[in-house]
Amino acid sequence: MKKKGIAIALAVGFAIAMVLMGISIYFGYTEAYRTNASALTVRMFGIPIYELTKRGEAYTGESMGPWMGFVCAICMALAVVVEEVVSAVSKAKRR
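Residue numbering for the sequence shown follows the numbering used here, starting at 2 and increasing by one per position.
Hints may contain errors.
To be verified - Derived DMTMM-like pairs (lysine to aspartate or glutamate); straight-line CA-CA distance at most 25 Å:
id	residue 1	residue 2
1	K4	E84
2	K3	E84
3	K94	E84
4	K5	E84
5	K3	E58
6	K55	E32
7	K5	E58
8	K4	E85
Unchecked claim - Label pairs and their computed distance ranges (CB to CB):
id	residue 1	residue 2	range
9	R96	T54	56 to 62 Å
10	S88	T36	33 to 39 Å
11	V86	T36	46 to 52 Å
12	R96	E32	49 to 55 Å
13	A12	E58	18 to 24 Å
Worth flagging that the hints you see were computed from the coordinates, not collected in a lab.
Nothing here was measured: the structure is a model prediction, and the numbers come from that model.
No residue lacks a Cβ here, since even glycine has one placed at the ideal position from N, Cα and C.
Can you make the complete structure from the sequences, with help from the hints?
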């Protein structure tokens with residue numbers, strides 16, 4: 002049962018990281034088009050995750066894989082910590 006809870010927390014943390022990075026990249030594109038910048042680095046928690054470069058009238062994006070993985074690891078670790086705290090509080094209430 003314990004391993005299942007951790008696996009679910011890891012999956013939830015990964016999904017949250019993907020959603021947050023997607024939203025950050027969306028706002029990065031929005032900011033790039035608004036400011037007409039020649040290049041823009043999208044950051045999340047101060048960590049660079051995506052590089053936008055203007056090519057003609059459009060922007061092309063390049064992911065920064067290792068840093069995106071680091072952001073995923075942070076979210077997954079936080080999800081496991083939350084799961085452990087919730088599990089401990091739940092067990093304490095049952096006593």
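Results for each hint:
no., hint, verdict
1, K4 x E84, "11 Å, holds"
2, K3 x E84, "10 Å, holds"
3, K94 x E84, "15 Å, holds"
4, K5 x E84, "11 Å, holds"
5, K3 x E58, "52 Å, violated"
6, K55 x E32, "12 Å, holds"
7, K5 x E58, "48 Å, violated"
8, K4 x E85, "11 Å, holds"
9, R96 x T54: 56 to 62 Å, "58 Å, holds"
10, S88 x T36: 33 to 39 Å, "45 Å, violated"
11, V86 x T36: 46 to 52 Å, "41 Å, violated"
12, R96 x E32: 49 to 55 Å, "51 Å, holds"
13, A12 x E58: 18 to 24 Å, "39 Å, violated"
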